[in-house]
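Number of protein chains: 4
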Amino acid sequence: MTTQAAMSNTLSKSYIEVRKQSEELCKPLITEDYVVQTMPDVSPPKWHLAHTSWFFETFILAPYLENYRRFNEPFNDLFNSYYNGVGNPYPRPKRGFLTRPSVDEVFHYRSHVDQYMGELSQKLDRHPKSRLIQKLTQLGINHEQQHQELLLTDIKHIFAQNPLFPVYSQHAAESPPFGHVPLFWTRFPGGEAEIGHVGDGFSFDNELPRHRVILNDYSLTNRLVTNREYKQFIDDGGYSNPLLWLSDGWATVQNQSWAAPLYWLKQDDHWQVVTLGGLKPLNPNEPVCHISYYEADAFATWCGKRLPSETEWEHAAGHSKTVSGNFVESGFFHPKPAESGNSLQQLFGDVWEWTRSAYTPYPEYRPAEGAIGEYNGKFMCNQMVLRGGSCATPKNHIRKTYRNFFYPHNRWQFMGFRLASDQ
Amino acid sequence: MTTQAAMSNTLSKSYIEVRKQSEELCKPLITEDYVVQTMPDVSPPKWHLAHTSWFFETFILAPYLENYRRFNEPFNDLFNSYYNGVGNPYPRPKRGFLTRPSVDEVFHYRSHVDQYMGELSQKLDRHPKSRLIQKLTQLGINHEQQHQELLLTDIKHIFAQNPLFPVYSQHAAESPPFGHVPLFWTRFPGGEAEIGHVGDGFSFDNELPRHRVILNDYSLTNRLVTNREYKQFIDDGGYSNPLLWLSDGWATVQNQSWAAPLYWLKQDDHWQVVTLGGLKPLNPNEPVCHISYYEADAFATWCGKRLPSETEWEHAAGHSKTVSGNFVESGFFHPKPAESGNSLQQLFGDVWEWTRSAYTPYPEYRPAEGAIGEYNGKFMCNQMVLRGGSCATPKNHIRKTYRNFFYPHNRWQFMGFRLASDQ
Amino acid sequence: MTTQAAMSNTLSKSYIEVRKQSEELCKPLITEDYVVQTMPDVSPPKWHLAHTSWFFETFILAPYLENYRRFNEPFNDLFNSYYNGVGNPYPRPKRGFLTRPSVDEVFHYRSHVDQYMGELSQKLDRHPKSRLIQKLTQLGINHEQQHQELLLTDIKHIFAQNPLFPVYSQHAAESPPFGHVPLFWTRFPGGEAEIGHVGDGFSFDNELPRHRVILNDYSLTNRLVTNREYKQFIDDGGYSNPLLWLSDGWATVQNQSWAAPLYWLKQDDHWQVVTLGGLKPLNPNEPVCHISYYEADAFATWCGKRLPSETEWEHAAGHSKTVSGNFVESGFFHPKPAESGNSLQQLFGDVWEWTRSAYTPYPEYRPAEGAIGEYNGKFMCNQMVLRGGSCATPKNHIRKTYRNFFYPHNRWQFMGFRLASDQ
Amino acid sequence: MTTQAAMSNTLSKSYIEVRKQSEELCKPLITEDYVVQTMPDVSPPKWHLAHTSWFFETFILAPYLENYRRFNEPFNDLFNSYYNGVGNPYPRPKRGFLTRPSVDEVFHYRSHVDQYMGELSQKLDRHPKSRLIQKLTQLGINHEQQHQELLLTDIKHIFAQNPLFPVYSQHAAESPPFGHVPLFWTRFPGGEAEIGHVGDGFSFDNELPRHRVILNDYSLTNRLVTNREYKQFIDDGGYSNPLLWLSDGWATVQNQSWAAPLYWLKQDDHWQVVTLGGLKPLNPNEPVCHISYYEADAFATWCGKRLPSETEWEHAAGHSKTVSGNFVESGFFHPKPAESGNSLQQLFGDVWEWTRSAYTPYPEYRPAEGAIGEYNGKFMCNQMVLRGGSCATPKNHIRKTYRNFFYPHNRWQFMGFRLASDQ
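Residue numbers (my numbering), protein chains in the order written: chain R, 1 to 423; chain H, 424 to 846; chain F, 847 to 1269; chain A, 1270 to 1692.
Bound conformation, chain R alone (with noise of 0.2 Å):
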């Protein structure tokens, strides 16, 4: 077996495993959680699992697969998110007036599609193509991995909106034994790094070139900012007190009439939270969760303190050897509380981590050529960075290099945050 073999071998491998475990995390799912969306960020799991498989279809078996016929003409523009290059999307905010094709239909696109990517995958050797369509699979594998996360993050929007609760998961949020762990300030010295990914494995283009960067001295604590933290926050006034905020979280906060992190319910004085297990008393000492950056950012100013960089973030990860956390894998599908210590941890899963961060392009980064192109670089304004995955994140999809990024006023997300300071 060649080297080449070898790797289009592992890559058809994770290929398979991945689309798998789309199918695996819609099992707690009737038919009809697969069709709405409660607002425009959100897509209906249906969607979800039709557009992975269009990507595939779109970007690979279409122009590299000799004689392959699409599924279904008109599902080029309906699960095409975003690509103006190949063709008209559907709106976005109307994905969930599709009730058809059902869902067992989509079922059906999937194995259409899997089928004749496995069958592309045989001829991959002799195709004059192949490596680009490796290049391909590695780019589509991850960005199902991608939705697969929004998959638990919309499922927990539409299950959030319903007076009746409904339990994704008995085991999501079940209380843990940890209890609450002290903050703790971590120095770390400044002078000149390197950011940017590097080395052979997959990344995304956002995350190139690495590059040099210069850094301050600072600070990081050992671990997220807490419910009972945040709690202190409410309590002491903080979203009434517009000097704690940015200008433009002040007005959201006012438009919005936010007064808590999204999911949080106060029944008879005690707050409650949604989960993917249902509603449940808030935990104090679990991370703070589904809050915008105006949000964090208003938190540390109240405190005196600021949020990281995310190139300090990337930095301070660098310390860290080994990438673990609480992952999906967990089937937690809920930030967990800190285990006790001073040292740096949490920097991996349990929820995004905010940075100061906006999101915009390395020094000399180039989107790819044609369609594909779209993926990252479109985006690259009034979004803010955040690092390091959440429950929610495929373990083998995250690195330390990973740039996630979302509006500063979104909170559907698992989002949190970690102070930083000068000192």
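Since the hints were derived computationally from the structure, they do not count as laboratory data.
For each residue, glycine too, the CB sits at the ideal point set by N, CA and C.
Fair warning: there could be bad hints in the mix.
Residues from chain A that keep clear of chain F, each with C-beta distances beyond 12 Å, as calculated [claimed, not checked]:
| hint | residue |
| --- | --- |
| 1 | K1289 |
| 2 | Q1290 |
| 3 | Y1351 |
| 4 | K1363 |
| 5 | K1398 |
| 6 | Q1430 |
| 7 | N1431 |
| 8 | G1460 |
| 9 | A1462 |
| 10 | A1520 |
| 11 | I1641 |
Facing chain F, a subset of chain H residues (Cβ under 7 Å, in silico) [claimed, not checked]:
| hint | residue |
| --- | --- |
| 12 | E440 |
| 13 | N507 |
| 14 | S598 |
| 15 | F601 |
| 16 | G602 |
| 17 | P665 |
| 18 | G754 |
| 19 | E762 |
| 20 | P786 |
| 21 | P831 |
For chain R, the structure is supplied; the task is to place chains H, F and A on it using the hints.
Below, chains H, F and A without anything else, positioned relative to chain R:
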């Protein structure tokens, strides 16, 4: 058997038939079709099935059947449409967010309600409130029939948003044999008349009390305005000439970029129409349908005529002996062309006819006591009266005194019009 | 002097007086007050002065005075309100963007138009269209009187947005001597009646044709509903009880966060009211004012009564010989408390009275030919009729057949109501 | 004379000059021009004159001049822009509702503040807080210069809404003699550099602290992008090709129906441009102006280049000795064509240059203590940095380290751009 018992027997039969018919109308649906909401006016089919059951449960079973236990407490609010007197209705624009209860559970809910309605019916003879219960049952039956019509118009709206244009029934809108029928005017002498419901049969409160009115001489056309005629209005620049429109109508045309009736689609310079039988070529001889009051009024202005008042319509309809026409029972689910002849036709069925009458209370109108009083009275502002039923109306639901009402900008019902004239 | 000449003479005098009165009403303004627009419904005072001149220029001078040259071509569109038949009206919500022409130039425009109207008046005897010109002049005069009322209500709205609460007139709303007047009901027997304008005097087209109607017996209160009574409605939770409101009314209350009439301000637990004399303590005996149709209707429901129909109002007003009341000439610019006594009073002046009648055409109504036909007819949808004039109406402008109309959510006119009952 | 006294003397002179200049810029206005607001971003000229006085009154006179009495208490809130720390700012979108205070009174307000600033200046030598007062005075002077620029851009926006296209100055945008200047690229070697303000002179807090950065090699064009070049982008379908746009940019193009820069008007197939000298034919050699970040970025993508980072811009500007260019003092009030030659020009004046840099804090940035701390820091989110000043900027106000910032969709400032490249 007493008269009372016979009546109650008839009512039971009627209850059973109507309940069954709602489910019959849902036969062509797949689970996914039951869940979504494509605009705030539209409700998911599942919601209609549940809400009509909620009506019997809330207004009859809960108060009058001893020891009755609600099927599921949260349904009290979830399936309350707008009765503020009996709870907090779940927000209308969010009905499409509810993936649970499942469709199956909604059908169980229906069975549950039907079972206890049967039980109550058995005890009705000896029930101290038997007359009231009978009245409310009759109201609930008529209420469910109204939702049967909404089921069809809402399904049509849902299917119309989907580029796959699903088919509800293969027999719907199959091309009928009739050809072009010339327009003919019938003259009605004015004078004093009576309008409003009379007699023992059921009517809604808004048809009462019967009262005297004064009518001028007027004329009506023998048939409804057709697609052919309406297309002439379009081709003559009707949608771009502000002088033809009511002020609010012109504002709506511009805001909504209206250029044709709802469900008309131009493909390769030919008009297609979305029907419950799928996308079909426009039939010029069919009554124009899915137009707003504004459009009907603008058309009438364009040809120097006007719309009839509801008084004129009811007065004219008084001359026709029976209520016959193209109703839901035809299974055609679409308006049909007129039959040849000069006589007044299409008064009933096909399309609801816009009148120039604002929906206001009849003199000395009083809404019912209690929450049931919210049924009609609170909508007597900003809406216009429509008469005669449509191809989605159950035949035994309609009467010549029946007053339907919608906002002048609404288009998603089977709505059309007939011309009137002072001359 | 011929009759025709005498009539023309009277008309000229009337023209001069009304034109002068518009400018008189602007005397208290400073230049800055003339320019701004605080909501789309409001027009800058400068605009009213120009638009009323535009009306004479466009409908009389331009077509009928030989060799007339427009004062300034762009004014044709700038000061066209909504007559699509004679140009492209400048967008209404942007009237407050026009700093030019200056106020001075607008006054020159008025002089220019007045001069040529004078010239035309000299030639009127020999003009082939003299009758038409006289009719249009009369219409223009009445049109300008309508804008005099709007001038006052728009200035009030502008001043009310300003925390400095500017005073339009020191004498406005100076506390009058009258005390509390008990409510008393007058019974009117029903039967056949006639409503609509009759005789040679001026009326708008919407008051025609006079026609027969049938009335049931009804009762009206001797006076308008007062602030004291309305405050009881508020204190009883009127604004938070959905069962009292029309469906659209309740939606408006919630969207707009209404909790009191427009211009009521609570300071240190006492109600203050914005008047054209500045901010004043609420006078409990004054008629409640600046309320919407929704609020009037909710109040009536709250106390088990209803609003009168416009037919009832006109029928009842037919019993009063003269049109007298608190009009603009009083210089009070605010509704006054009722005088003691049981007899029907406050029918004219003080506040426009909401009726339960939708603004629809009278039987066989025909709008005028040409652009003037846009005056009234195109608004006959979605609005409600108000009767009787207000403290901002010129006395010789009002009649018992006069139909004013506004949307049910409008509040910035001097609007109030009187109760009616079937009993 | 002590150094301190001399400095204070210079500051006084500078204060007097800048205050006078604000009023000088208003000379061409008539009273009506001072009052209106044509969008939330725009403030009425009167408001700028008052707000800049409020700044001195609130941050200097009120706290540091003994026995100072405010000119008018309500002005505290009325003319507070966004300083939540010192009151409740009157809502920004309603600034155009304030007809009072009159323009005259605002000028009195200015005199009042100037008089007491003079008095304080006399006592400054002996004042315990003299250094702080000097610093705040310098800030106030620079603040007023910023509003001088806004005065011009806001007047331009107001005039541009008016079909009469008023002229601010006859000499504005008078056609200059320069012709087409070819594009030329200058290469800058990368490496380590320092950016940020240094030295004793005034700077805003957002220019601090000076810090090291790493730069790759880069190239900049000798001059700004011109109307000729931008028109080619338009003619090539730039506004209808989504592949050229950032995602948020494309959404904005569609929502706003953008098809050209702000103030470009097509008349009879020729482009006209609104200038402060009235409507003029488009000059192809002038820098393109009044475009958003989105448009600048799309243009750069279209021609395979990019925008410079603010670091690159400042680094390149470091090579030019002096700050010279087309500033407000030229009385041209419009960008001018480049002069011939290959050297780097137009860095200062003409138009603010969009950079690709998000407006974020420099490392270890700290906003000032107290309400003054709201000046810059709270806007460090969602905005982009612009550099170099414009034809509306006072010459002595600008520096190479100066960071201006606006939202990427803003267009009403004098905004343009220059191309950069990695090669």
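Hint-by-hint comparison with the structure:
With a minimum CB-CB distance of about 23 Å to chain F, K1289 (chain A) clears the 12 Å threshold, and the non-interface call stands. The non-interface label for Q1290 (chain A) is consistent with chain F: the shortest C-beta to C-beta separation is roughly 22 Å, beyond 12 Å. Non-interface call for Y1351 (chain A) relative to chain F: holds, since the shortest CB-CB distance, roughly 17 Å, exceeds 12 Å. The Cβ of K1363 (chain A) does not lie farther than 12 Å from every Cβ of chain F; its closest approach is about 6 Å, which violates its non-interface assignment.
At roughly 32 Å from the closest C-beta of chain F, the C-beta of K1398 (chain A) stays outside 12 Å, upholding its exclusion from the interface. A beta-carbon of chain F comes within 12 Å of the beta-carbon of Q1430 (chain A); the shortest separation is about 4 Å. The claim that N1431 (chain A) is not at the interface with chain F is violated, since a C-beta of that chain comes within 12 Å of its own (minimum 6 Å). G1460 (chain A), annotated as away from the interface, keeps every beta carbon of chain F farther than 12 Å; the closest lies near 52 Å.
For A1462 (chain A), the requirement that its beta carbon stay farther than 12 Å from each beta carbon of chain F is met, with the minimum near 47 Å. No Cβ of chain F comes within 12 Å of the Cβ of A1520 (chain A); the nearest lies about 24 Å off, and the non-interface call holds. Once the 12 Å rule is applied to beta carbons, I1641 (chain A) is consistent with being away from chain F; the minimum gap is 25 Å. The interface hint given for E440 (chain H) is broken, as the beta carbon of that residue sits about 31 Å from the closest beta carbon of chain F, more than 7 Å.
Contact between N507 (chain H) and chain F, as hinted, is supported at the beta carbon level, the nearest pair being about 4 Å apart and thus within 7 Å. Against a cut-off of 7 Å between C-beta atoms, the interface hint on S598 (chain H) is violated, since the closest Cβ of chain F lies about 36 Å away. Using the Cβ-Cβ criterion of 7 Å, the hint placing F601 (chain H) at the interface with chain F is not satisfied: the shortest such distance is roughly 34 Å. The interface hint given for G602 (chain H) is broken, as the beta carbon of that residue sits about 35 Å from the closest beta carbon of chain F, more than 7 Å.
Taken as an interface hint, P665 (chain H) checks out: its beta carbon lies about 4 Å from the nearest beta carbon of chain F, inside 7 Å. For G754 (chain H), the interface hint is violated, the least distance from its beta-carbon to any beta-carbon of chain F being 34 Å, above 7 Å. For E762 (chain H), the shortest C-beta to C-beta distance to chain F is roughly 32 Å, which exceeds 7 Å, and the interface hint is violated. Annotation: P786 (chain H) was flagged as interfacial toward chain F, and the flag holds, the nearest CB pair being 5 Å apart, inside 7 Å.
Interface hint status for P831 (chain H): upheld, as the beta-carbon distance to the closest one in chain F is roughly 6 Å, under 7 Å.
Violation of the numbered hints given earlier is confined to hints 4, 6, 7, 12, 14, 15, 16, 18, 19; the remaining hints are satisfied by the structure.
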